[in-house]
Amino acid sequence: MSERMMVLVLQLGVILIVSKFVGYVFSRYLRQPKVLGELVAGMLIGPYLLGSIPLGSFGPLFPLITDSTIPVSAELYAISTLGSIFLLFDSGLETDLPTFLRFSGKATVVGFGGVILSFLLGDGITYLLCSDVHSVLAPEAMFLGTVCTATSIGITARILGETKKIGTPEGVTIMAAAVLDDVISIVLLSVVVGVASVEMNGGAIQWSVIGSVAVRAIAFWLACMVAGIIIAPFYTKGMKRFHSLPLISEISFGIALLLAGFSEMAGLAMIIGAYITGLALSQTDVAHSISTRMQSVGEFFVPVFFAVMGMMVNFDALKSVFGFALIFSLIAFLGKLLGCGLPSLLVGFNLRGALRIGTGMLPRGEVTLIVAGIGLASGAIAHDMFGVAVMTMLVASIAAPPLLIEAFKGGESGYRKSLQRPEQKDRVSIELEFPTTRIAEFFTESLIASFIQEGFFTSSIESVDPTWQIRKENTVLLLKLLKGKEDSCMVSIGCGAEDQDFVRLMMVDAMADFSDFAQTVSSMKNEEMMSAKLLMQMFDEA
Amino acid sequence: MRLKNTLNPNLVKIGLEGTGKEEIIRELLGLLKADGKLGDIEKAFADVMEREAKMSTGIQHGVAIPHAKTSEVKELVACIGIKKEGVDFASLDGKPSELFIMTLSPKDRIGPHVQFLAEISRIIKKEEARTQLLEATTVQEVLSVFGL
Chain A
1 MSERMMVLVL QLGVILIVSK FVGYVFSRYL RQPKVLGELV AGMLIGPYLL
51 GSIPLGSFGP LFPLITDSTI PVSAELYAIS TLGSIFLLFD SGLETDLPTF
101 LRFSGKATVV GFGGVILSFL LGDGITYLLC SDVHSVLAPE AMFLGTVCTA
151 TSIGITARIL GETKKIGTPE GVTIMAAAVL DDVISIVLLS VVVGVASVEM
201 NGGAIQWSVI GSVAVRAIAF WLACMVAGII IAPFYTKGMK RFHSLPLISE
251 ISFGIALLLA GFSEMAGLAM IIGAYITGLA LSQTDVAHSI STRMQSVGEF
301 FVPVFFAVMG MMVNFDALKS VFGFALIFSL IAFLGKLLGC GLPSLLVGFN
351 LRGALRIGTG MLPRGEVTLI VAGIGLASGA IAHDMFGVAV MTMLVASIAA
401 PPLLIEAFKG GESGYRKSLQ RPEQKDRVSI ELEFPTTRIA EFFTESLIAS
451 FIQEGFFTSS IESVDPTWQI RKENTVLLLK LLKGKEDSCM VSIGCGAEDQ
501 DFVRLMMVDA MADFSDFAQT VSSMKNEEMM SAKLLMQMFD EA
Chain B
1 MRLKNTLNPN LVKIGLEGTG KEEIIRELLG LLKADGKLGD IEKAFADVME
51 REAKMSTGIQ HGVAIPHAKT SEVKELVACI GIKKEGVDFA SLDGKPSELF
101 IMTLSPKDRI GPHVQFLAEI SRIIKKEEAR TQLLEATTVQ EVLSVFGL
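Chain order of the listed sequences is A and B.
Its first residue numbered 1, the first sequence is counted upward by one per residue in the numbering used here.
Its first residue numbered 1, the second sequence is counted upward by one per residue in the numbering used here.
Simulated from the structure, these hints should not be mistaken for lab results.
Be a bit skeptical, because a hint or two may be false.
[Said to hold, decoys possible] Pairs of lysine to aspartate or glutamate, EDC-like flavour, derived with a Cα cap of 16 Å:
id, chain 1, residue 1, chain 2, residue 2
1, B, 54, A, 513
2, B, 107, A, 454
3, B, 69, A, 454
4, B, 125, A, 498
5, B, 126, A, 501
Produce the entire structure from the sequences given, and follow the hints as far as they go.
In structure tokens:
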């Protein structure tokens with residue numbers, strides 16, 4: 001036991017060091033997302049490449065585990081799963097719930113389009129190109145069809161998060177459709193497993209069993225979504241009584257872990273439960289604070305997940321079926337690009353938006369591996385076809401991120417209508433001009449502190465001008481520092497019309513404190529003496 | 001809801017006797033003290049006057065909202081005073097103040113203090129509400145303006 005733990009911590013140490021370093025090189029010098037670097041790091045140090053080289057009497061650091069479909073140790077895989085839960089919980093927190101709900105109908109169309117076309121193309125091309133597959137209903141064809149259907153929400157979420165696009169109409173549609181894709185894929189998998197076992201072993205297809213698995217998965221997903229959305233505001237309100245933001249964050253992650261486990265029990269992937277928890281909390285005023293805290297811890301675990309994904313790639317198994325795998329990967333690529341892109345044109349997106357959604361749905365990952373793994377374990381597919389699935393995942397995971405980043409370049413919206421919500425029309429902005437930026441910054445700092453005293457949660461937002469979101473329950477304020485003529489600077493707070501009295505009173509009090517502070521400073525008589533003393537002490541002999 | 005928890009008939013006085021800012025503030029603090037909501041009245045007075053020194057809380061239309069943070073209260077407290085004749089409270093429009101709404105909140109305690117003040121301000125912003133308050137002859141009539 002202690003030796004296994006020792007190996008695990010050594011493995012984690014090497015994974016963190018190498019994946020962080022390669023990730024840095026990818027983002028700094030190759031202008032690629034860090035996630036790609038982490039995947040490549042995993043491939044390099046994994047059991048199929050450098051990891052299998054024995055290190056003297058210690059043996060290989062990443063020995064190939066042969067009695068399982070996963071080539072790494074169960075404990076390392078467990079840590080990487082924790083990484084995926086961190087990632088999806090945070091992605092949920094960063095998703096804007098009202099936009100998510102508004103786009104979930106469109107996402108359903110996009111998700112179904114992608115699944116249906118991908119399955120048909122994957123199944124069809126296997127039947128056409130593999131001489132030993134004699135029917136489109138053959139287990140091998142159906143498994144490979146299913147392999148094409150699941151989108152890796154993890155990779156997409158990381159890229160959308162890194163590029164701050166997760167809240168755009170396209171970003172939200174991709175996230176919603178990818179979640180739905182996983183749900184549909186798992187349901188499809190249960191159907192395929194049922195049909196395949198009959199094809200291989202004879203007997204009648206048990207539609208009632210298949211049906212109950214499907215119903216359970218869908219019911220769990222819907223029930224958690226609805227319950228989460230209703231309960232989350234009450235939960236955070238109750239938790240705030242403890243006056244500890246760290247406590248709220250940590251307990252919330254505990255809930256995410258519980259829901260992830262229940263999700264697996266219901267036959268869905270764990271990440272779905274984690275995502276739903278984050279999504280339900282995203283509507284609350286503490287969402288940003290929890291997310292900031294989660295991200296700092298997640299930075300240690302998430303790279304392990306991507307590195308372990310990279311470690312799954314078996315380069316040897318690919319050799320014999322390389323040609324087929326390449327064609328299959330391209331078909332799988334087209335299945336998602338067209339299957340998701342074309343329906344999005346029908347639900348209000350323009351060509352740019354369709355391209356973004358199509359590319360956003362390209363990455364394959366954990367669910368692809370789960371499907372292929374089940375196929376391999378059940379004997380429906382052999383190692384070579386498992387290799388095809390892995391290569392499909394690999395091609396999509398390597399090709400999709402740069403394409404996705406390229407597709408999202410430029411600020412134009414990919415959605416035909418304006419995204420402005422009706423309530424945003426009644427917003428007003430209250431402004432105060434200061435002679436210099438430095439004074440404005442100083443005032444802003446004490447104003448933010450007063451809002452925190454008032455029970456608000458503040459977070460800085462990346463924007464052209466320095467911007468903060470100040471939030472408490474349904475009150476959302478946007479504080480901006482706007483540069484004026486010469487060095488002058490404007491402190492501007494955007495708020496709902498009903499909150500303007502409150503904002504004015506807050507600014508008045510902050511201003512009163514500020515002028516008092518300024519008077520105190522100007523009444524200081526001995527600041528020159530204080531500085532002189534500091535300098536003189538530098539030259540005092542010891 | 002917050003108004004209901006904070007105000008009660010003991011915390012309303014029609015016909016304040018004071019004739020200057022300091023006297024009015026002392027009288028309002030007296031209401032809070034009598035209702036058992038205030039510790040040392042002198043310390044609280046010093047805190048309110050310190051805030052007034054920074055910027056007067058006499059606003060417009062005869063309304064003044066003296067407020068401060070003080071260690072002499074354990075939770076947000078408020079009281080209302082009316083003086084129809086008006087008192088010079090160094091208000092923004094230079095006119096005498098007739099309606100006084102005082103709020104005190106504890107130091108270093110996070111809570112919706114200014115939001116409470118904004119909630120009251122929203123009510124007395126309406127001229128109709130101010131007239132009703134000035135014409136009120138009973139405490140209950142004053143409280144009814146705030147929906148209590």
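Evaluation of the provided hints:
Taken as a hint, the residue 54 of chain B and residue 513 of chain A pair is honoured in the structure, with Cα atoms around 7 Å apart against an allowance of 16 Å. For the given pair, residue 107 of chain B sits about 11 Å from residue 454 of chain A by alpha-carbon distance, which is consistent with the 16 Å threshold. Of the supplied pair hints, the one linking residue 69 of chain B and residue 454 of chain A holds, its CA atoms being roughly 12 Å apart against a limit of 16 Å. This hinted pair checks out: residue 125 of chain B and residue 498 of chain A have alpha carbons roughly 13 Å apart, not beyond 16 Å.
Restraint check for residue 126 of chain B and residue 501 of chain A: the C-alpha separation of about 13 Å stays at or below 16 Å, so the hint holds.
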